[in-house]
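**Student:** Which chain is which? The protein sequence lines are A and B, in order. Position 65, counted from 1, in the first sequence is what our numbering calls 65; the numbers after and before it change by one each time, with no gaps. Position 240, counted from 1, in the second sequence is what our numbering calls 240; the numbers after and before it change by one each time, with no gaps.
Derived by calculation from the structure, the hints in this document are not laboratory data. Keep in mind that a hint or two might mislead.
Unchecked claim - Label pairs and their computed distance ranges (CB to CB):
1) A:L136 x B:P369: 46 to 54 Å
2) A:Q47 x B:E477: 20 to 28 Å
3) B:D253 x A:L227: 54 to 62 Å
4) B:D418 x A:D51: 21 to 29 Å
5) B:Q371 x A:R160: 49 to 57 Å
6) B:T242 x A:M14: 50 to 58 Å
7) B:P369 x A:R160: 40 to 48 Å
8) A:R160 x B:E477: 58 to 66 Å
All of these numbers come straight from a predicted model, not from anything done at the bench. Every residue, glycine too, gets a C-beta built ideally from N, C-alpha and C.
Here are the chains, one letter per residue:
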Amino acid sequence: MRKTRLVLQRLWQMVPVLLAISVVAFLLAQAIPGDPVRLIVGPRASQEVIDTVRDRYGLDEPVFLQYFVYMGNLFQGDWGRSIAFRVPVLELITSRLTPTLCLLGGGLVLSTLVALVLAIVAARRQDGLIDQAIRLFATIGLGMPVFWLGLVLSMLFAVRLGWLPASGFGDTPVDNLRHLLLPWVTITVVMAPILVRNLRATLIERTHADFVLAERSKGMPEGAIFLRHVLPNSLLSNLSLLGVVAVYILGITVVIEPIFAIPGVGQLFLNSIIARDYFVIQGLTLVFALLTMVATLAVDVLTLAVDPRVG
Amino acid sequence: MAGSSSVPPVHPLIAVRLTRRQVLRGMVIAGAVPPLSAVLAACGGEDEGDGGTPSTPPEEIVRGGVLKIATPYAVSTLDPIKSVAAGDIEVLGQIYSRLTRRGPDGKEILPGLAEGWESSPDGLTWTFTLREAAFSDGSTITADDVVFSYLRLRDQEDSAYGGAFQVIGDIVALDPKNVQFTLKGPAAPFLGSTEQFNAGIVPKAVVGSMGDEGFAKAPVTSGGFGVQEWRPNERLILTANTNYWREGLPNLDGVEVIEVLRAPTRVSMLEAGEADVARDVPWAQVEQFKTREDMIVPLDPSSVIYVILLNHQDPVLSNIDVRKAMAMALDRDGITQAVTFGNAVTANSLIPNTVDFYDPEATPLPYDPEQAKALIESAGATGAEIEFLTTQIDDPATVLVQDQLKAIGLNVTINQVDVGGWWDSVVGANYGAAVTWWYNEVPDPDPAVRWALCGECGNSSFFTFYDNPEIDRLTEEALHETDPAGREELYHEIQRIALEDVAQIPMWYQPYANVYRSWVHDLKMNPAIQWNLDEAWMNP
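This is chain B alone, in the form it adopts within the complex (with noise of 0.2 Å):
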C-alpha cells in the first residue's frame, strides 16, 4: 500500500517531505516514492525491536486469562489461504504471522516476520530479511516456508484470495533468511498485500506431511496463537504461541472464539460474563451500554460501507434520471441515524471511508425530494416498480428507503429472501435493488474498487452491471501507478465518476457495534477485521 497512512490521504508535499526521511533513513531503497507505511515503520525506531508496544506500560498489565469472543461468523478453516469470508480473515490474522504487520490504526506497515526489506529503484524487485522466529511447534522459520506459503497462495488452485499475488513472478529464497520477490511489474500494492490476512507463513514440512486437508483442521502456527481444539461451528480454542516472536506475548494464556449465530443469545452471554467480547451487537442494545460502567463500547473503525445497490439492467435503473432521482429522494442524513442510533456517519463516495485515497471531498447528490420528483416525472417513471432485495422483512433501512421513494412516486416492493438467495438473486442480475454492505480486507483501495466499481474485474460491480470503461480503465492505471499522489489523483477519480453515474447510492460508514466487558484492555479490530488479540489483556 504504497502511500496514505491517515484519513484525509497524503498531500502530494507530505509524501516529499517523507521521501527525503525515508532516504535519510535508508531503509526502503525505492525509486518511485517509497511506501509511505514502510517509512514510518523505518522511522519508528523504538518499536522495530518486539514490533511495537501496546499502549499500557508493561508494569500494569495483568497476563494471562482465556478471552472468550461470541461471533456470528463462523470458522471454516484453518488454513490461510482456503477463505475470504468474515469469520476465517478474523481468526486467520490471530494464527499465522505474515512478513509485515500493521500499526494500531490499521494503515502503517511494520515489521513483522520480516525485520526489514530493501525493493530496488524500479519497485521490481523486493527482498526481505526475515528475523528469528519459530513456528508454534518450535520450528524455525526460514526463507523456503515463506516461498512455500507465496506459491501456494498464488499458484494453488482453491486459493480464495489470490488476486492480489499474481503480480508476483518469481519468489526465490536467496538464504535461509532472506527472500526475494520479483514482480511481473510495478504494483503500488504490493508492499501492504504482504500483511494480507493471507498471507500468514505456514510450515512447509508440516503441511507437507499432514496435506493440506489435516493442516486446515490442526495447524501449526506462526502468530500469536496455536490451535489446542477446533469444533466446526461451535468453537475455536487457541492458546498463547509458546514460540511467538513478538517477545513477551501474548498477554493472554488463550482466546475462545465461540460462535453464536442469535443476536440476542451473544448479548446475554456478554451481560452473564460467559463471553468478554460479543461482535455485532444490536444498535440498540449498543446504545445501552454505552451507559454502563461494566461495558465498553469502543466503537472501533471497520471498513463497512452501506450502500444501495442499483441493477444497471434494469429497465427502471438503467435509466441515469431515474436513479438520479432515487439518490435525491433520500434522507440519507435521517435514515443513518434512525438505523445506527447515530452511530454511523453518512458516507460521501462508494468506497468506504477507511481505505487508503478515499476522498471526503467526494460529494453525492443532495437531498432534493422536490427536484427528484420532476426528475422522475420528466423520465416518465412515475409508478415504475422496483424491487428491493432483502434478508429481513423489517429491514429499518430498507422499510425507510421504501417510504421516502413513494413520496417522489416509485413504488417499492421488498423481496426477502435468506442469505443464499440473495447471492444467487443478486449474482443471476434478478434483482432491482437493494439495501447492503461490504467492507475491504485491506487499507489499499484496489481490490475495493474492483469489487465495487469496476465492470470487467470479475465482480460486475458488486453485480450491479455498472460499467464504465473510463473506471475499468483508471482502476488498472492506479494499480501501476507507484507515485502516492498519482494514485490520489487517480482514486478520487474514478470516485468522481461512480457518483456522477450513480453507480449505487452511498448510504453510511459504521464502525464495528463489538462491545467488551470492562475488564477487557488494549484489545482493538482494526478496519481490515484484525483483532491484536496478542496485545490485549484481562484482569476480571
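Isolated chain A, as found in the complex (with noise of 0.2 Å):
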C-alpha cells in the first residue's frame, strides 16, 4: 500500500517536471539564431513567400503566445505541425518511435548482460589475468567515442565484409535484428564498461563485507554464497545505475541513428535542431524526457519490489 502510493506519487510528480521542460524547450529552441522558413522553403524564396509562412505557423507572434498557443493544442492531442516537413509532429514521431525503442532496449539488454558476465568473471578472477584484460576493455571502452566506433563497426562489418547492413532499420523483425545488431554492439562496447567498472568493484567489496564473513565462517561453500549473497547485494546497489545507463543510451541515439541512418527519434531530432523545426524539437523534448523519467521510475519500482530495506 505504501509503495503503490510511492509509485503514484512520482508518477504525479512528472506532471510539473514536464511542464517546467516544456517552457525552457520552448525558449531555448527559439532563442537559437536561425529561421526555419528560411532554411526551408529554401535562400533563394522571396522574403514575400518567408513572411507568409512565417505567418501560417504563427511565428511571427511573441515567444509566450506561441507557447500558450501549443501547450492548449498539445492538451487537445495537438502536437503542431512540422515547419520542415509539413506533416503533423505526432505522426512524424510515432513513425518513428520503433527503431529507437528497439535501439534503446536492445542496447541495454546486451549491455547488462555483457557487464554482468565480464563483471562476474573479473570479480572471480580478481587481478589475474583476465581480470586485467577486461579492465582494459573497460578504460578503453569508456574513452572511444560512440561516432567513431560505429563508423570502424560498419566499414568492417557491413562494407568489407558485408555480413550486415549499414544502414537502415528493415521491414521484417529478422531484418530489423540484422541491422540493429551494430548499432547494440556500438552500444554494448560503450556503455558496459561503466556497468563493469561499478558492478565489479561493489563485486570484490561485498566478497569481504561482514555479512559474507559470516557466511564464510558457517563453512557455506564459496561458490553458493557468492550466488546466494554477493551477486544478488551487488545487484541491487548497481539497480539505480541501470536507470542512468538508459538515459544515457538514449541520448546516444542522436549520435548513432545517423551513422547507421536508422529511422528513428534520434535522428528526426538532430535534423530538427538544425533544421530549426520549433515544433518537432518541442515534440521530441517532452518525449525524450518522459522517456528519461519513466526509464528512471522503472528503475525506482523495480528496486522497489525486489529490495525489501526500500519502502
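Build the complex: two chains, separate frames, hints provided.
**Tutor:** Structure, rendered in C-alpha cells:
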C-alpha cells in the first residue's frame, strides 16, 4: 500500500517537471539564431514567401503567446506541425518511435548481459590476467567516441565483410535484428564498461563484507556464497546505475542513428535542431523527457519490488 | 532562355544563321531572334516523337530494378510550387512533367507535355499545343490543368519561386489541347521558364479535391514517376508511372531517395551496395572511387559556384582597395586544387560557368601578394580584423584564405555557426566575409544575377549589400532584351563591372560530387539539379 502510494506520487511529480521542461525547451529552441522558414523553402525564396509561411506557422507572434497556443493545442492532442516536412508532429514522432525503442531496449539488455558476465569473471579472478584484460577493455570502451566506433564497425562488418547492413532499419523482425546488431554492439562497447567497473568493484567489496564473512565462517561453499549473497546484493546496489545507463543510451541515439541511418527519433531530433523545426524539437524534447522519467521510475519501482530495505 | 545553348555563348553570327533555319522549319514564329534552344528542338526532328533518345541503343537496355539514391538533401514537400530547396528541386523535376524539357546538356529546350509552340512576332503571345498525355491516375492532361498549374505558380502566396512567372499576364485554355500565354512585356527567359522545376503540371481536379496539404503528401503526378510512399526525413519511394507520356520510359521500376545526413554513412551505403548512387561524396573519397572499377564518378557539371562573400557594409570591406587587395592576395588556383583535389576549375566570373551568357573571357584581378600588401598598407588597413563566417570550423578553404590574408597584413578571425545561424548572420549583415557557394536552378542568368549581383532585386546581392545602380539597370534591361547577342553583351557587362568592383571574390566552379555503382547507366544530373531518372537503367 505504502509502495503503491509512493509510485503514484512519483507519477504525479512528473507533471510539473514535464511542464517546466516544455517551457525551457520552447524558449531555448526559439533562442537559437536561425529562421526555420528560410531553411525550409530555400534561401532563394522571396521575402514575401518567407513572411507568408512564417505567418502560417504563427511564428510572428510573441514567444510566450506561441507557447500558450502550443500548450493549449497539446492538451487537445495536437502537437503542431513540422515546419520542415509540413506534416503533423505527432505522426512524425510516432512513426519513428519503434526503431529508437528497439535500439534502446536491445542496447540496454545487451550491455547489461555483457557487463554482468565480464564483471563476474573479473571479480572472481581479481587481479588475474582475465581481470586485467577486462579492465583494459573497460577503460578503452569508456574512452571510445561513439561515432568513431560506429563508423569503424560499419566499415568492417558492413562494407568490407558484407555480413550486416550498413544502414536502415528493415521491414521484417528478422531484418530489424540484422540492422540493429551493429548499433547494439556499438552501444554495448561504450556502455558496458560503465556497468562493468561499478559492478566489479561492488562484487569485490561485497566479497569481503561482514555478512559474507559470517556465511563463510558458517562453512558455506564459496560458490554458493557468491551466487546467493554477493551477487544479489551487488546487483541491487547497481540497479540505480541501470537507469542512468538507459538514459545515457537514449542520448546516444542522436549520434548512433545518423551513423547507421536508422529512421528513429534520435536522427529526427538532430535534423529538427539543424532545421530549427521548433514544434518537432518541442515534441521530441517532451518525448525524451518522458522516456527519461519512465526509465528512472521503472528502476525505482524495480528497486521497491526487490529490495526489502526500501519502501 | 533565348539563345545560347552552349558554352561559350552564341556568337551573333551563329544566332543569325539559326534564325534563318528556324524560319525554314517554321516552328517558332518569332519577331525577335527566336530562342535557339527551341530551334534546336525543332531541328532535332528524330527525337520529337518520344521526346529524345537515351544514349544507349534500346536493345541493350536492361529494364526494371529500383535505383537507390543516398542524399543529404531533405524532401520537404511534393507540391511543385512550395519550395526552392535543393532536395525538393531534385525530386520535383522527376515526378512532374513540364510543357518543355531540357536536352542532355541541360540547355537545349525540347518539347515536353507540349509537342510544339508558337509565339507572336512581338514575342508577347505564346501558344502551346499539348500532346496526348495522362497523369499517373490515367486521367488526360488538358489545357485546363496547365492553366490551373500556372495560376497557382504565379499567384498563390506560398508559391516559393514564382518570380519568373509574374511576367505572365493572361493564361487561357483555347481548347483542351491549346494554351495561350500573354506576357506583360517581352521576357527573354519565358520559354526556358516553362521547363523550370516548379512549373510541373498538376491535375486540377485532384488538387481541388485533396487540397494543397493532402496533395503535397500523396500527389498524382505527370512525370516519369509516381509517389508510392513518402516518409518525411527518411525516404521517398517512387514507382514508374505507367501512364508516362515518354513511351517506353522509365526503364526503372522505381527509385528510392534516401535521406542520409552524414557523408561517411552515404559512402558506406554505396560501398555496401545499399545505395546505387551517393550524392555529395567528400572530394578525398571521390579521388579513391575514381580508381575503382565498381564505381562510376561522372563529375557532371553543376551550376555550383564558390565565392567569398564580402559584406560591403563592413567598415573595412567597404573600402574597394581592401577588397582588391584580398582578391589579389589569394592563390585561387592553389586553393581550388587543394580543396577539391583538382576536380574543380578556378572561377573567373561571379556567375556560374554553366549558365547562359557566362563570360569565359572575364578576368578577375591577378594573384599578386606583393601588390596586395602594398594596397593594404596604403589603405591604412594593416592589422585590420575581418570576421569570416563558416559552418565548419576546419573548413579547408576558409583556413587557407585566413592564412593567405594574414600574409598581406589582414587579421582574419573565424566564427563558426550552424547553417541556421549562418543565414541569420548573413541576412542580418552581421558578418565580415564568408567562403560559400550557391547554384542557379535554371540555365538562364537572370535569376543568377538577381540573386548574386543585383542590389535592388530583393536579396541585396546575396546579402553582401553591394549595390551598383548600373548593374541594377543592366539586369532589368537584359531581362527584356530578346536578342541573344544583345543579351550576351549586357550580361558580359554585368560580369565585368562586378569583378571590377570586387563585389565578391570568385573561387571555383565544381562538378557534382556524385558517385554511382558501375551497374548504373545513362544517369545524368544537369546543372539545374535535374536527374534524368526516366532514362536511367541498371544491370546489377
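**Student:** All hints, please: hold or fail.
**Tutor:** Each hint tested on the structure:
| no. | hint | result |
| --- | --- | --- |
| 1 | A:L136 x B:P369: 46 to 54 Å | holds, 53 Å |
| 2 | A:Q47 x B:E477: 20 to 28 Å | holds, 24 Å |
| 3 | B:D253 x A:L227: 54 to 62 Å | holds, 59 Å |
| 4 | B:D418 x A:D51: 21 to 29 Å | holds, 23 Å |
| 5 | B:Q371 x A:R160: 49 to 57 Å | holds, 53 Å |
| 6 | B:T242 x A:M14: 50 to 58 Å | holds, 53 Å |
| 7 | B:P369 x A:R160: 40 to 48 Å | holds, 46 Å |
| 8 | A:R160 x B:E477: 58 to 66 Å | holds, 60 Å |
Going down the numbered hints, you'll see the structure goes against none, and every one checks out.
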